[in-house]
Amino acid sequence: MAYALELKNVHKTFNPGTINEKVALNGLDLNLNEGDFVTIIGGNGAGKSTALNAIAGVWGIDEGSIIIGGQDVTSLPEHKRARFLGRVFQDPMTGTAATMSIDENMAIAARRGKSRTLKWGVTKAEREKYKEQLKTLDLGLEDRLTTKVGLLSGGQRQAVTLLMASLQKPELLLLDEHTAALDPKTAAKVLALSDKIIEENHLTAMMVTHNMKDAIAHGNRLIMMHEGKIIYDISGEEKKKLKVSDLLAKFEEASGGEFANDRMMLS
Amino acid sequence: MVLLSFSLSPMSLLRALPGSFAQGLIWGVMALGVYITFRLLDFADLTVDGSLATGGAVAVMLIRAGVDPILSLLAAFAAGMTAGLITGMLHTALGIPGILSSILTQISLYSINLNIMGKSNQSLNQDKYRLVVSLRYVSGDALMKAKFYGGLILGCLLLVVILYCYFGTEQGSAIRATGCNKSMAKAQGINTNFHTVLALMLSNGLVGLCGGLFAQYNGAADVNMGRGAIVYGLAAVIIGEVLFSKLYTGKHFTFAYTMIAVIGGMVIYYLITAFVLWLKIVPSDDLKLFSAIVVAFFLSIPYLKEKYGKKRRTA
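Chains as they are written, first to last, in this note's numbering: chain A, 1 to 267; chain B, 1 to 315.
Read the hints as simulated data drawn from the structure, not as lab findings. One thing to keep in mind: the hints can contain errors.
[Claimed, not checked] Each computed DSBU-like pair below joins lysine-lysine, with the alpha-carbon atoms no more than 35 Å apart:
| id | chain 1 | residue 1 | chain 2 | residue 2 |
| --- | --- | --- | --- | --- |
| 1 | A | Lys241 | A | Lys189 |
| 2 | A | Lys169 | B | Lys182 |
| 3 | A | Lys8 | B | Lys182 |
| 4 | A | Lys119 | B | Lys182 |
| 5 | A | Lys8 | A | Lys80 |
| 6 | B | Lys182 | A | Lys131 |
| 7 | A | Lys129 | B | Lys182 |
| 8 | A | Lys131 | A | Lys185 |
| 9 | A | Lys124 | A | Lys169 |
| 10 | B | Lys182 | A | Lys229 |
| 11 | A | Lys80 | A | Lys241 |
| 12 | A | Lys148 | B | Lys305 |
| 13 | A | Lys229 | A | Lys185 |
| 14 | B | Lys182 | A | Lys148 |
| 15 | A | Lys243 | A | Lys213 |
| 16 | A | Lys129 | A | Lys189 |
| 17 | A | Lys189 | B | Lys128 |
| 18 | A | Lys22 | B | Lys182 |
| 19 | A | Lys131 | A | Lys80 |
| 20 | B | Lys182 | A | Lys213 |
| 21 | A | Lys135 | A | Lys119 |
| 22 | A | Lys135 | B | Lys182 |
| 23 | A | Lys229 | A | Lys189 |
| 24 | A | Lys229 | A | Lys169 |
| 25 | A | Lys185 | B | Lys182 |
| 26 | A | Lys196 | A | Lys240 |
| 27 | B | Lys307 | A | Lys185 |
[As the list claims (entries may be wrong)] Now the in silico label distances, taken between C-beta atoms and shown as ranges:
| id | chain 1 | residue 1 | chain 2 | residue 2 | range |
| --- | --- | --- | --- | --- | --- |
| 28 | A | Gly45 | B | Leu94 | 54 to 62 Å |
| 29 | B | Lys305 | A | Glu252 | 47 to 55 Å |
| 30 | A | Leu118 | B | Arg136 | 34 to 42 Å |
Quick reminder that beta carbons are idealized off the backbone N, C-alpha and C, glycines included.
Bound conformation, chain A alone (with noise of 0.2 Å):
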């Protein structure tokens, strides 16, 4: 059986021949199996968002493959690889169109990977069912199906954006530091509301975080990236098991004694 996703050798450089050259990815290897729900931690510039953009197509790799359901877009443009991905950004503002209303957003990507025609934009069909499936947020945006995105607040822009990203199912769901902008209590929310979302969905996922204890709870499987490589990958029940501290262990050793830094820490 084909991976959900495959990446194979990828490396990318950020500003190569300048001072500022930057390796961003050094010979990523990764396979993912369907269903895995995966969470990414390591320090900063340790190329998790990077890995992430890079399989969304945000801009090309200089080297290496990503096969997403056994089909190589190594070469497709953003907007193409779109119909394989639903993603939701760290920044609550990246995934929606904020003068647009919530219904209008929805069916955005409910349109995602098909071509944009002359019918309806969205049609009462859609507002019906778009308004059973606000209900299951329990925000109380049901009523609201008219407002405009952006006076909605953070956490309720990255609900409706994870709502957004299963209209379509992906292949797989990038989930990009998706809770480091809300409250804690937010924060948990939105989480609960991912696991959610991927569960019953059975979605394949890539969540980037900077709390080891969310990557420890959340996922089947868990991920240390350091300077643009995979250096711990860990599953089932091992991972289970896996606490806060065996990770920053790890993370102590593979830095060479530097600490974790003041974000993790924290967290």
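Starting from the known structure of chain A, arrange chain B on it as the hints suggest.
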């Protein structure tokens, strides 16, 4: 002051107003185009100054060649769309910054417009052709006036309805998403380059249509007829938003009202211009300076409000 007020005749103002009203409606078509790029696409498109004259030039030359004036407007629309296509390709296919792409198209259109007309100015004999709009209708009999103004208003409303429907379609929504948030649009599989070009074409098509209408109205096309058009368009968008936005917030069809407000903004702009000229506080030579100052003033309001508001909060 006393001397000045002696020279102000209310009759001359009254005589000027109907023409200004008609011109405002005609230029309102262009203002809709500016609204599409400036507000929906978030693209400062200066192609307008060139594509307006292109529309005028194409319409006048075709009418002189015996083409039906209505068909000439379709051709003007198509010519404007082509101009938008060029700007769009310069920006998306060649990676030139948007505003610079539009300036390149604008400057090249100056030459193209001269080539279309063969000289800098071509006139139409308004008695000879059955023009869609004409200055003559403004001073015609009651029936002629009614047909003229009624037609203009209905035409503008029809355009608003068409645009309202278009921007409600999947394609129109994709354009709005592209203008609002490119990251989101791409993540949802929208080809942002394609939709940027599409919006520029639609916008400049409307601008070309306006050029064709205005050339018929004036009985002439001039290579300089579009100079400063973008500024008037922006003025209309801003006046429309400032004066009408409070009237319909949160209601249905907000987008349609906004477009009507933009056309209304253009009409108000022309009425103000007529009034200012009549008052003689601004000599007609300084009219463009005056327009630029007015637009700069209104464009700076959101920024100044923010700055002033912040100061108050921290105090």
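Going through the hints against the structure:
Taken as a hint, the Lys241/A and Lys189/A pair is honoured in the structure, with Cα atoms around 24 Å apart against an allowance of 35 Å. Among the hinted pairs, Lys169/A with Lys182/B is consistent with the structure: their alpha-carbon atoms are about 22 Å apart, no more than 35 Å. Straight-line distance between C-alpha atoms of Lys8/A and Lys182/B comes to about 29 Å, which keeps the hinted pair within the 35 Å bound. Proximity of Lys119/A to Lys182/B is assessed by CA-CA distance (about 22 Å); at most 35 Å being required, the pair is judged to hold.
Between the alpha carbons of Lys8/A and Lys80/A the distance comes to roughly 20 Å, so the proposed pair stays at or under 35 Å and holds. Proximity of Lys182/B to Lys131/A is assessed by CA-CA distance (about 26 Å); at most 35 Å being required, the pair is judged to hold. The hinted pair formed by Lys129/A and Lys182/B meets the criterion: a straight-line CA distance of about 26 Å does not exceed 35 Å. Between Lys131/A and Lys185/A, the direct Cα distance comes to roughly 25 Å. Compliance with the 35 Å bound is thereby established for this hinted pair.
A threshold of 35 Å between alpha carbons decides the hint, and for Lys124/A with Lys169/A the separation of about 22 Å falls inside it, so the pair holds. Taken as a hint, the Lys182/B and Lys229/A pair is honoured in the structure, with Cα atoms around 30 Å apart against an allowance of 35 Å. With a C-alpha separation of about 40 Å, the suggested pairing of Lys80/A with Lys241/A is violated against the 35 Å cut-off. For the given pair, Lys148/A sits about 22 Å from Lys305/B by alpha-carbon distance, which is consistent with the 35 Å threshold.
Restraint check: the Cα-Cα separation between Lys229/A and Lys185/A comes to about 32 Å, which is no more than 35 Å; the hinted pair holds. Taken as a hint, the Lys182/B and Lys148/A pair is honoured in the structure, with Cα atoms around 17 Å apart against an allowance of 35 Å. This hinted pair checks out: Lys243/A and Lys213/A have alpha carbons roughly 8 Å apart, not beyond 35 Å. A distance of roughly 23 Å separates the Cα atoms of Lys129/A and Lys189/A; the hinted pair therefore holds under the 35 Å criterion.
Of the pairs offered as hints, the one joining Lys189/A and Lys128/B is violated, with about 73 Å between alpha carbons and a cut-off of 35 Å exceeded. For the suggested pair Lys22/A and Lys182/B, the alpha carbons sit about 26 Å apart, so the restraint of at most 35 Å is met. For the hint pairing Lys131/A with Lys80/A, the CA-to-CA distance comes to about 28 Å; that is within 35 Å, so the pair holds. For the hint linking Lys182/B to Lys213/A, the alpha-carbon distance of about 33 Å falls within 35 Å, and the restraint holds.
A threshold of 35 Å between alpha carbons decides the hint, and for Lys135/A with Lys119/A the separation of about 27 Å falls inside it, so the pair holds. Taken as a hint, the Lys135/A and Lys182/B pair is honoured in the structure, with Cα atoms around 28 Å apart against an allowance of 35 Å. For the proposed pair Lys229/A and Lys189/A, the alpha carbon gap of about 31 Å is at most 35 Å, so the pair holds. Taking the CA atoms of Lys229/A and Lys169/A, the gap is about 29 Å. The hint holds against a cut of 35 Å.
For the hint linking Lys185/A to Lys182/B, the alpha-carbon distance of about 30 Å falls within 35 Å, and the restraint holds. Proposed proximity of Lys196/A and Lys240/A is supported: the alpha carbons are some 19 Å apart, at most 35 Å. Taking the CA atoms of Lys307/B and Lys185/A, the gap is about 32 Å. The hint holds against a cut of 35 Å. Between Gly45/A and Leu94/B the Cβ separation comes to about 33 Å, which falls outside the hinted range of 54 to 62 Å.
At about 51 Å, the beta-carbon gap between Lys305/B and Glu252/A stays in the expected band of 47 to 55 Å. At about 39 Å, the CB distance of Leu118/A to Arg136/B agrees with the hint of 34 to 42 Å.
In the structure shown, a violation is registered for the earlier hints numbered 11, 17 and 28, in ascending order.
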